[in-house]
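From first to last, the protein sequence lines stand for chains F and H.
The first sequence begins at -9 in my numbering and counts up by one.
The second sequence begins at 178 in my numbering and counts up by one.
Misleading hints may appear alongside valid ones.
Restricting the straight-line Cα-Cα distance to at most 16 Å, the calculated cross-link-like pairs of lysine to aspartate or glutamate (EDC-like) are [stated by the list, open to error]: (1) Lys17/F with Glu493/H; (2) Lys(-1)/F with Glu44/F; (3) Lys646/H with Glu44/F; (4) Lys503/H with Glu575/H; (5) Lys59/F with Glu613/H.
Just so you have them, the derived chain H footprint on chain F, three or more residues with Cβ under 8 Å [to be verified]: (6) 49 to 55; (7) 82 to 93.
In short, the hints are calculated from the structure, not lab data.
Note that the structure is a prediction, hence the values are computed from the model and not measured.
The beta-carbon is built from N, C-alpha and C at its ideal position, and this holds for glycine as well.
Take a look at the letters that make up each chain.
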Amino acid sequence: MTGDFQITKELAGETLTVKITGDLNVKTSPQLEEDLTNSLGGVKELILDFAGVEYISSAGLRALLALEKTMRRQSGSMKMRKVNPAVKEIIRLAGFLQVMTIED
Amino acid sequence: MSIRKKILAGGILFALALASILSYNSYQRFITMIMQDHERDALRTAHTALAFLDADNFSAQIENPLERQEILEAWQEIADTQDVMFIYVIEPFDNYNNIRFDINVMHTESEYTVVPRGYVQRTSSDEYKIAYRDLYEGGKKYAFVVRDNGISITGDHVTSLVPIKSSEGVVQSILCVQWQMDELDSEKILFLRRTVTTMLTVLLLMLFIGRWYLKNHLLDPLSALTDGVKEISGGNLDRKINVRTGDEFQTLAENFNDMTDELKTQMKNLAKVTAENERIETELDVATKIQASMLPKDFSVDGRADIFATMIPAKEVGGDLYDFYKLDENRLFITIADVSGKGIPAALFMVAAITNLRNFVSGLNDLKSAIESTNDQLCANNGGGLFVTAFSGVLDLETGILRYVNAGHNPPLIRRRGKTFEELPMELNFVLGGWENWPYVQQEIQLDAGDTIFLYTDGVTEAADTTGKLYSLERLKTFLDGLKETASAKEILAAVYDSLEKFSAGAEQSDDITMLAVKFEGRN
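This is chain F alone, in the form it adopts within the complex (with noise of 0.2 Å):
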């Protein structure tokens, strides 16, 4: 439900913490990346918390991506953190794992 869905970030220092709750689909994920791309001037550490997502579809896995070269040019850095295994085995087919850093 798009309804549901929610973002809530915290910025302590150089690191935003992003709080993403609900399914990240091709509806929300515009959502996180419109939202972020805004907040990410001087964040060195990006960390993302999945605990509130249980499905991640291709426009979610773009967002991703998207996030992750956008720290990267600015010499940053992104992690997810409290991912669901169904969400982190849809990353690691991707190949994402190859570029992006999934703490346990």
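With chain F fixed as given, assemble chain H onto it according to the hints.
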């Protein structure tokens, strides 16, 4: 029943009721008045007749034939000229129970004859008795008896009674004047008829004036409104309701006209938007068709491989693709891919992906280089940040060796003859168009005759039922394992699609469903 008829019927009923009440009322007043008139006339006549009598010598007077004759002639004159029925003198006796006639005259035209002198009869009613007593004992100067109930044998009449009093005040006899009411009856009827006629005429006139007024000021505007609204609701929005009454009807009509104008504008806008939507939809439809037409449909590529593929697009134009063709005598190229996202951007990206793949695979001998070149090409022209997950393989129909690269796609399933479906051994590679200069890992596997490879996109495993539950890889594997090993590639795809349809019955297909199956028939 229309308002017109209701008002008319109500008006008539009202008029009739009003006419009845008014007529009855005035009739009663008329009766009272006319009775008073008749009583007064009867009394006057009685007094006139009384003037001919000498009260002190009354007995002698009527005994004397000459004087008696004089009285009778005078009275006859009075009776005939004043339309009096009966003038008579009586003496009651036996406590007013009987009366004796002294002298009397009848109207000349009366059917009755005079009563002989000294004739005795019983007092005909208590009313007479009361009147007699009033005059004899009560000292009254006159009395009336009205007999209008139809029981009197001489017909309805009013009788005025006056005492014949001596100068000492002693009542000698009673002079009675009987006035017939036959005339009165006809007068009553005439009066009643006139009253009712006048009343009805006036009321009906009022009714018609009222109706005319209502028609002009209420019914006609209402009809104009009704007709106008009917026509408007029938679809004629150009119809204007013309009511110029200067009251609420006109306001209502004007509001209606404003509403139709507004409605017309809205409908024009809607038509415009609809046309625009239709145009977009048609274009998307064309895009879907163009996209579908890029996918190969001729599945009889080589006798050594039974191949079949389907791509069932979701409602929205998407970015799935499959591809297969022979690179040369013995090499069969197969691909399945899924572009991230949906709509025109995804479709365009899919076209770029399939075109690049075809170019590079045909030009370069080795799959890994072709995939890497395709990736770089897609990265270079990727403003939208899209990517595509792809599985590409080259099957040597002679040796049965399948070389493949999996670029972030779901691992295809393979069934060795006599075994169950398993995922192909898979090195993880990055998606295409996502990361420039990505070194892709190529793998290979030896196929034997009777082995089947099933390629699919996530539209299969992520097909949802109405509750949002996904079809899942487990269900797909179980279902495929349940199929006969002799099933052709086409039969496998048809069966899987059938199973998907049953699973997601009632739910909308959210993603393209793409499948490709290759059954290696073996070296000849």
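Against the structure, the hints:
1. Lys17/F with Glu493/H: holds, 14 Å
2. Lys(-1)/F with Glu44/F: violated, 19 Å
3. Lys646/H with Glu44/F: holds, 12 Å
4. Lys503/H with Glu575/H: Answer holds: lysine 503/H to glutamate 575/H is near 13 Å, not above 16 Å.
5. Lys59/F with Glu613/H: holds, 11 Å
6. 49 to 55: With 4 residues in contact (Cβ-Cβ under 8 Å with chain H), the coverage given for the region 49 to 55 of chain F holds.
7. 82 to 93: holds (count 8)
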